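Peer 1: Here is how the chains run, residue by residue.
Number of protein chains: 2
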Amino acid sequence: MRTFSTPKEMQLFAKQLRKEGKVIGFVPTMGALHEGHLRLIRKARREADIVVVSIFVNPTQFDDPEDFARYPRTFDEDRYKLEMEGVQVLFAPGPDDMYPPGFSTFVEVKGLDRYMEGAYRPGHFRGVTTVVLKLFNIVMPHFAIFGLKDAQQYYIIKRMVEDLNLDLEVVPHETVREKDGLALSSRNRLLSPESRKQATAIYRALKLGKELIFSGERNPWKVKEEMLRFLKEEAPLGEVDYVEIAGVPDLQPVSEIEGKVLLAVAVRFPEARLIDNFILSPDDRLVWNERIN
Amino acid sequence: MRTFSTPKEMQLFAKQLRKEGKVIGFVPTMGALHEGHLRLIRKARREADIVVVSIFVNPTQFDDPEDFARYPRTFDEDRYKLEMEGVQVLFAPGPDDMYPPGFSTFVEVKGLDRYMEGAYRPGHFRGVTTVVLKLFNIVMPHFAIFGLKDAQQYYIIKRMVEDLNLDLEVVPHETVREKDGLALSSRNRLLSPESRKQATAIYRALKLGKELIFSGERNPWKVKEEMLRFLKEEAPLGEVDYVEIAGVPDLQPVSEIEGKVLLAVAVRFPEARLIDNFILSPDDRLVWNERIN
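Chains as they are written, first to last, in our numbering: chain A, 101 to 393; chain B, 101 to 393.
No lab work stands behind these hints, which were simulated from the structure alone. You may find that some hints are simply not true.
Identical chains blur together in the list; that is why a pair holds if it fits in one copy or across any two.
[To be verified] Below are the DSS-like pairs computed for lysine-lysine, each with C-alpha atoms no more than 25 Å apart in a straight line:
(1) Lys307 to Lys122
(2) Lys119 to Lys108
(3) Lys115 to Lys297
(4) Lys115 to Lys307
(5) Lys210 to Lys122
(6) Lys258 to Lys115
(7) Lys279 to Lys119
(8) Lys322 to Lys258
(9) Lys108 to Lys210
(10) Lys360 to Lys310
Note that this is a predicted model, so its numbers are computed, not measured.
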């Protein structure tokens, strides 16, 4: 596995690959790799000639310095996993490589960042879009894969790519779950056994919301209230940041459930803040991200 | 001359050119082409295999709707001039091609946009950086040329390109002037004969500032005051927006003149707002943008 730590070297190599007509697939990560990441990587492996994975714990997307400090870092283990998956290129820059002195440029996707994570983590998406745009320019991929656990992030990045006329495809990948439904996340390993047990309530709340909607409830407040009540009862260690139902792809809270909607939850446990979502199309009785796979 | 009006077609053609190994030089404009633009184009012609010129009067960079309405549009004449220069590709999109419904993404270069044009034209540079980034992604140039009459714009775009790891060179081109020193601008044709006469005071004020600095004055307020007094006397039809002395390339006003500085002026005449600047390196007695060429 070729490993690069500076943008210049990575970009030079990417240009060479492009010259040779290679299809570059890209999976950006913050490391602490789990099965969810590996699924994205396997998908990229099937569709690209060369898979580039980046590992960069991006300081500018953490609104909470404690969260940044606590974020798991398992670089040697990550490298080993990537080798095992046959990843050809690892891009692992340091903060100073990505943000040299004088750095001043920021990208924002307005409106889509207003609710849910955008409301509870000020500056988070600005950090995400800016670093992802940089990574796209450095890695020069033909496509990049993003996990749908971060559904708002996916829609925001898709919008950015379209708005800025970037010549690449943004590919979503369904959320990967534990057997009990908990969405895989690098932060799960921080949970105490008790929090870990209660964390399954998030998945069960989403299922409850889905069932209400599929049985005909179109009033978002009723659904959100039921889910909130459920979460308070089943996950007393957690503080609910939000239960939201937003339109897709504009991500604005809806006053009536119709078309395609994002049903999203964020809960703060003492050790880590967790998020999860289902994407629903009630008229077609379709649901994304529910499967335990 | 190949002409494209949609980003998709332009980008497809640019990709083809890149595949063929052609060097693409790019000159973005808002049309109403004058000798200043043509000099940039000639430079691009000398250094590129294929020169792409864009004509797009970008609504998002006008803080003043009247200025946008009044901005000269001379498309047929522009096309003719480009043909005469041997330009191979014209990209001339409409506003809806560049900003389709739902457009939400904005790029900002913070700090560098705080003074001078950034202070007097709120939102202007956000409009500029966003559209220029889009144009770069669509046209895929190896280099792009910007006139130094808009010096702040040049430094901001250069910063953006570096910060976002864009793989292209931002090339400056010295300001082109009339025989009496007035910097060429598409807005000059809007001036009344009386305003046109008084507008030369801008160039003469910059020369006065330069002479003061070169004769040892290091106090920016003294230099600015002398220039302001001169402008008020020599251009009574004009309202001075600012006379500023800022460091290069950080564009922050200096409290002592040293190193490389930008000496910049903006004056509002009844028919049009004009800007001009010299870039000075007093210790080396160097000046850019003064030449009448």
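Peer 1: Report the numbers of all earlier hints that the structure fails to satisfy, in ascending order.
Peer 2: 1, 3, 4, 5, 7, 8
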